[in-house]
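Could you build the full structure based on these sequences and the hints that come with them?
Chains A and B, in that order, are what the protein sequence lines are. Using my numbering, you'd call the opening residue of the first sequence number 77 and step up by one each time. Using my numbering, you'd call the opening residue of the second sequence number 19 and step up by one each time.
Just so you know, the hints here were simulated from the structure itself, not pulled from any lab data. Ideal placement from N, C-alpha and C gives every residue a C-beta, glycine not left out. Do not rely on the hints blindly, as some may be mistaken.
[Unchecked claim] Here are some chain B residues pointing at chain A (derived, C-beta under 10 Å):
no.	residue
1	Thr45
2	Gly47
3	Glu77
[Claimed, not checked] Cβ pair distances, simulated, as ranges:
no.	chain 1	residue 1	chain 2	residue 2	range
4	B	Lys92	A	Leu154	33 to 39 Å
5	A	Thr167	B	Glu40	31 to 37 Å
6	A	Asp178	B	Glu77	40 to 46 Å
7	B	Ile48	A	Arg113	39 to 45 Å
[As the list claims (entries may be wrong)] In silico negatives: residues of chain A with every beta carbon more than 10 Å from chain B:
no.	residue
8	Arg117
9	Leu154
10	Glu162
11	Asp176
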Amino acid sequence: MSNNPKCNCGASPAPTGIIYSCSGAADVGEIADRAARKISRETNVKMSCLAGIGGRVSGLLANASAAPVLVAIDGCPLDCAKKTLELAGFTNVKHVRVTDHDFRKGASPASDGAVDKIAAVAASLL
Amino acid sequence: MKKIQILGTGCPKCKALYSAAESAAKTAGIEYTLEKVTDIGAIASFGVMFTPALVIDGEVKLAGRVPTADEVKKLLA
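And the structure:
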């Protein structure tokens, strides 16, 4: 999450979207996490903490409500990030699943190439 | 006593939210305190990425837009 909030109405633009990652324990979860961080570094779509959505942290829920676009990257078909957002009431979420892109859970080290590929898929949805 | 905080660095929308909150609180006839929070670090401590934001008794109720006074009144209820 950004520690430098921008005002919608000031000179600095607010984020154009928020990206969440399952950040799961498996290799594909690591790819998801790093891809989300890459998007956050390189674009105005900023990563925010999925745990804050699960924990119903009011500031993070308000961010999700305010964001023009929500993106979730899940590592595997368990789709934990997408389901966490849905359970909090956020159903209009653009979704990327790492294992849908030629990565197999447990056999896909989080290489720079893998991260770049998934980040590109996510970026194509924005 | 409701504690109302407006998070924002002082732009016109932040001021509009302050006015809406003040109007709503007065109309509701409640006891309240109303505070502007303009420090970036203090704003970030709420986890907010979009301003202005409205905080009531420590809970961020909304962010990134200016609600009507009626909407704020409902949030104060």
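Broken hints, by number | Violated hints (numbers, rising): 1, 2; every other hint is consistent with the structure.
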